[in-house]
Amino acid sequence: QQQVKQSPQSLIVQKGGISIINCAYENTAFDYFPWYQQFPGKGPALLIAIRPDVSEKKEGRFTISFNKSAKQFSLHIMDSQPGDSATYFCAAADGSSNTGKLIFGQGTTLQVKP
Amino acid sequence: GAVVSQHPSRVICKSGTSVKIECRSLDFQATTMFWYRQFPKQSLMLMATSNEGSKATYEQGVEKDKFLINHASLTLSTLTVTSAHPEDSSFYICSASWQGTDTQYFGPGTRLTVL
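In order, the protein sequences belong to chains A and B. Mapping the first sequence onto the numbering used here, position 24 (from 1) lands on 24, and the numbers just tick up by one. Mapping the second sequence onto the numbering used here, position 48 (from 1) lands on 1048, and the numbers just tick up by one.
Please note that a few of the clues may not be correct.
[Said to hold, decoys possible] Chain A side only, calculated, beta carbon under 7 Å to chain B, not exhaustive: (1) 29; (2) 32; (3) 44; (4) 66; (5) 68; (6) 70; (7) 102; (8) 106.
[Claimed, not checked] Far from chain B by the CB rule (all over 10 Å, computed), these chain A residues: (9) 7; (10) 46; (11) 54; (12) 55; (13) 74; (14) 85; (15) 89; (16) 100.
Source of the hints: derived by calculation from the structure; they are not laboratory data. Glycine included, each C-beta is placed from N, C-alpha and C at the ideal position.
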């Protein structure tokens, strides 16, 4: 129940296309859903995050769509660029647990072809 | 803002020696720091959570006597890998957050190679 399932494992998109990564969870107590971007040999960087009180959040080319009833959320990268090639992790946290722990998805390796 | 640094970025040591990795929050007070381990092409595996001034809480299966964590101040946590062996070779990443927030800010990671 603590798992976050992420798909696809890898994704190849042409420059200018839309990249879509999906995550699903079971624990209805999760109330914070961030996405992280990680380049090889670097630590993850927070990209964008959402809470269940909204269904969508947009920051520049990055959008999170959140479906509370389906317990799913997704990251959309519009106008994908070669510089977006990285590994993306979704995560979830249960604020009421007071542990601050993030449960991470398995990761998606995105390659944007020029 | 919210910058976390780690030192060293890369360390190579001989089997049986101990290695200390530092994690610092540079522009905020980190009430909680987390230590992760990441193997190639895999997700982040939480090793332990440390709150400033308290003993670290280790995840199941993580040996607390092998991975010593100290969080003595609001800006510094250290991970010491004791008696390191080749199987401890990995990418170790810390993150930090402050009280009342869910957001974790990650350091750049430390690549440990044990020969």
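Item checked: Structure versus earlier hints, numbers of those that do not hold, lowest first -> 1, 4, 5, 6, 10, 15, 16
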